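Asks: Now for the letters of each chain:
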Amino acid sequence: MLQALATTLVVASLYALLGAGYVLVYRSSRVLNLAQGDLLTLGGYFLFAVAAAFPGAPAVSLPLAALLSALTGVLVYVVLMRPMAGHPVFAAVLVTVTLGILLRAAIVLVFTDRTRHPLQNLGLANPPRPLPGGAVVSTFDLVMIGTAAALFVALFVFLKLSPLGIQMRAAGEDALLASQRGINFHGVFALSWALAAFAGGLAGIIYSSNVRLEPSLDVLGLRAFAVALVGGLDSLAGVIPAAILVAAVEVMSIRYGNPLLSDVSPFLCLLVMLLVRPWGLFGTREELERV
Amino acid sequence: MAALGGGYFKTSYEADLALIDTRLRRAAVAALALGLLLLPRFASSFTLDLVSQAALAAIGALALNVLTGLAGQISLGHAGFLAAGAFTTAALVERGVTSPLVTLPATALVGGLLGLAVGVPSLRLKGLYLALGTLAMHHVVLYVAGEMQARAGGNTGFTIPPARVAGLVLRGTVAWYYALVVAALVVLMLAVNLQRSRAGRAWMAIRDRDVAAASVGINVARYKLAAFVWSSVVTALAGTLFAYQRGFVSVEAFGFFVAVEYIAMIIIGGLGTALGAVLGAAFVTLLPYVIDGAVAALAPGAADYYIFPAKFGAFGLLMALFLIFEPLGLVGIWRRIRNWFFLWPFRHRPLRAS
Chain A
6 MLQALATTLV VASLYALLGA GYVLVYRSSR VLNLAQGDLL TLGGYFLFAV
56 AAAFPGAPAV SLPLAALLSA LTGVLVYVVL MRPMAGHPVF AAVLVTVTLG
106 ILLRAAIVLV FTDRTRHPLQ NLGLANPPRP LPGGAVVSTF DLVMIGTAAA
156 LFVALFVFLK LSPLGIQMRA AGEDALLASQ RGINFHGVFA LSWALAAFAG
206 GLAGIIYSSN VRLEPSLDVL GLRAFAVALV GGLDSLAGVI PAAILVAAVE
256 VMSIRYGNPL LSDVSPFLCL LVMLLVRPWG LFGTREELER V
Chain B
2 MAALGGGYFK TSYEADLALI DTRLRRAAVA ALALGLLLLP RFASSFTLDL
52 VSQAALAAIG ALALNVLTGL AGQISLGHAG FLAAGAFTTA ALVERGVTSP
102 LVTLPATALV GGLLGLAVGV PSLRLKGLYL ALGTLAMHHV VLYVAGEMQA
152 RAGGNTGFTI PPARVAGLVL RGTVAWYYAL VVAALVVLML AVNLQRSRAG
202 RAWMAIRDRD VAAASVGINV ARYKLAAFVW SSVVTALAGT LFAYQRGFVS
252 VEAFGFFVAV EYIAMIIIGG LGTALGAVLG AAFVTLLPYV IDGAVAALAP
302 GAADYYIFPA KFGAFGLLMA LFLIFEPLGL VGIWRRIRNW FFLWPFRHRP
352 LRAS
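So the protein sequences, as listed, match chains A and B. Here the first sequence is numbered in the numbering used here, starting from 6 and rising by one per residue. Here the second sequence is numbered in the numbering used here, starting from 2 and rising by one per residue.
Bound conformation, chain B alone (with noise of 0.2 Å):
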């Protein structure tokens, strides 16, 4: 029986496995892939760093959504990975390894074990309860990181050295510009292609229900574990790069509200979608320039003690909005919005014929 309204179907296992598969959807990646690689030309460096900060929010969601998203493990311990990663990079420079080289196995090293020792409560733990774990956890690397911070002989931070390899520097906007697009994209590639193979399937059936999950054979501790330190790897290497941007590391970047901050986007973006990942870290990094910009136009003048809480509110006042009217986030928006296009003039998608 045909289906109707479609007019594609694949017919090779080539054409199944495309990330890319149709012509149009080729042509935008290429015109996006385009508008990446000459941004710089045409952008001022303000908005080369604020897409950089995207950027680097972007990876730290994707990574958040495979754990919360994919496996369904509510995590508010996101901001201690990330401290995790700057805090191993600070730890390395004291004693003088400054080459990315080495520093980005390191964190990679101890954000894995980290993801392990919080990943391995998360098999006795459910829901609130793993939560607390990881809220505890975040509470717990911070005053290591506070100690380490306050040993350093009482200075506010560690001051991080461009990386360097071979000769290669490191710095400047367009290059910090370049080198967090594509490390976005790279983990844009494997969080896509985790979610469709066998790990994603098996994350997902563990989120809708692990007791069913382990009677179809998925092992859930194994798994489980995997979306830990696949999570935790990942942000704390966004912890590393975020401290060589930033050139300077201390404790008061990675407070809970950095924490609730991943947890807006990707519910802001739309839970379980990788898209809603990179959506929503761009929604909230741009959120605060786009109120920024809205006061300058509205109240030229306004004090700025009320700047920031407006900043604050809006924030909370969205994220709240989100999660009464509209659960399915940005992409649950998005998809609303071209179905209505796909189906007018009609409303519901056609009954089939059995």
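For reference, chain A alone in the conformation it holds in the complex (with noise of 0.2 Å):
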């Protein structure tokens, strides 16, 4: 029981970094990140290949690998989604899809879609952790509950306090109003772009560290985005309630079902939440309406 309590949290920290990226992108542009999954293994398929060149130096690839994330997602909103401001909100959301296929595309040209591990390379191990209890954790399980921990911890302090939180949040409700305010809408919304592929780079990091890398792990990011709409489209702070709640009903289909149960059981919880209330547990109720 306190292993499936300790699986729950793990799954729920993978959950939560992938479901900051669908709601920080969301609340600032109204899209919905479909390439979400696609950039978590980007991120893994950074530090592999920065592990690579710099083996056995765990200190400079962890962080040069997230980085690199980060300015993935700057440029995806230079390429990709500036060109798509003014057009049908359903386009760009088509153009995020065609950003995942472009980035597996790329991904299995450069790196082949052969399984990796790039723990190797770091130079680090992964020694197994038993928890009082009885429950044994990897870790870096512990190394992912406490980076969702963190980077949570880091977004409510810097979209509450800092100046440029403040500015994202405002641009995030109107952004002609923010723009009439002298707010550069244009680098807000870069900057939540950055903020969603670093948040999506850690969780691959991490992920790839400890499991395994393989091009195919894109079906994360789909199965998180149930736990984004659950917790409420706009709504960060919804994430983590629904990280645990989506995370928990996983565990426990595998625990009394089957895999196959579990594989689809974020989108059955993802079903019923648009029939019971769509706008999610914390989002803000947007005009749905009954014909």
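Calculated directly from the structure, the hints in this document are not laboratory data. Note that the coordinates shown come from a computational prediction; the quantities given were computed from them, not determined experimentally. A few of these clues could be false.
Listed below are the simulated EDC-like cross-link pairs for lysine to aspartate or glutamate, each with C-alpha atoms no more than 20 Å apart in a straight line [unchecked claim]:
hint, chain 1, residue 1, chain 2, residue 2
1, B, Lys127, A, Asp239
2, B, Lys312, A, Asp118
3, A, Lys165, A, Glu178
4, B, Lys11, B, Asp22
5, A, Lys165, A, Asp179
Both chains are given apart, each in its own frame, so use the hints to dock them into the complex.
Replies: Structural data, given as structure tokens:
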């Protein structure tokens, strides 16, 4: 039982990192970034490449890989998303789908689709840690939980207190009004993409060190996106309870059901949420109506 | 006041209703029909197979176009409808029912019910939320199909025997070519007629603004559901055709990427036009083969693992380029070229005297 609890927390941390990425982009531009899973994969491959270039220096390669992820976010905004300003939102969402396809193609072109283990070059070990009560998690499981917690604290502080964070919230509420008050909303949007790619990249870096690295990891992104919706697409605080909820349902369905059921369980959560409360647990109630 | 530049007037209701109205168009359609009829005499079986694939894709794309292009309801779950059709057929075949006379109506029924199930939430949900709902539906359908596949004894899929009706067996490239092209043409006719009839106008009104549509007396709920049901029935039938043609059904063939491909078809072709759906289906189906050919011509002996990501990437790049630079799709390009020739040497339509 304690093991299930520990596993739930680990999965929830992964989903929370990815979910934060969805929410950050959605809040700023009302675009759902369906390439979040591929940004995760990309983070893992950045780590793999950097670790191969600087073997045995995790203090260099871990931050460098995360930084590269964030830069990718900026690049994505400038090249792909900025031209979509003024287009229908759904067209922009489809552009993120094509971004996922392009990222995946690039990854397979450069790294092939073989399974990799970046940890080998990193020079770190991943020993199992027994927790009080008999549960066992790996070291990087703990890192995942710690990173998710740290990132959320940092994001809350940043958005609540720093001038840039306040500008970000303003631009997310009304980009036109914000721009008339002198906020450089293209810069702010680029920043939110950078943060989203950073969060996704962190998830990819830790997940690939912990488990394995292959191009098909992007399915994690699609599942985490149930988390973003359950919590409310525009609510960063909602991500945490939603991640725990979805992860718990998933772990339970592995224990009492089968792996196929656990694969689909995030989508079942999503469907239930859409039927009951489409704007999510903590999201802003948007214009939803009955016909 | 006579319209400037026009020399062709419709003088009867028959002329107004005719699908093929001018002599030039009649000749073009006759030539196209003759070409499609005679193609198996000249083309290799590989070409015929490509045309069949494009025709099958066109059926699905036309169905999606009604839902997304006309009615404005976004669906990321089109592969789920296809899978529902294919797996309904597989389930019936497992129980010994192999005749298409049974499987096709059964598939249509299952597809219709599924369309209704997805359509009812669409009465409350809009835009992105609806797209997410259809995406979740896709995964649930695949889950049910995967369970079915696992129950059937751990094999990788279901084998479907050839379609057989009263001693006639549908088998071989040429037979399937005719069957699929005829099916696609029938669906095309239906789609074009739906678009220009009451239902099509109602769908477009809902797409453009549902409140305004309701205020002019369109039953929004009914027409939204109708769009979902029509789209899912046709797509499920396409799934059945797919199952019979391949002779094999497996969950792996209906991933999320298939749904993306169908969306790409209607976007690359041109949203909201039947011609666009057909052009886009042909384009997306043929693209991998064109890239294969280009790679074979430019860099013979390139490793296989480079070709797959190259195809995948080219598909993504084209879709992005169309989304950013040409939202009207191939149809938009075609119209612009046509207008350029119509108007040459002028650049703009003449201003009408009022």
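Asks: State for each hint whether it applies.
Replies: Against the structure, the hints:
1. B:Lys127 x A:Asp239: holds, 16 Å
2. B:Lys312 x A:Asp118: Given pair B:Lys312, A:Asp118 holds - Cα atoms ~15 Å apart, limit 20 Å.
3. A:Lys165 x A:Glu178: holds, 14 Å
4. B:Lys11 x B:Asp22: holds, 9 Å
5. A:Lys165 x A:Asp179: Given pair A:Lys165, A:Asp179 holds - Cα atoms ~17 Å apart, limit 20 Å.
The structure agrees with every numbered hint stated previously.
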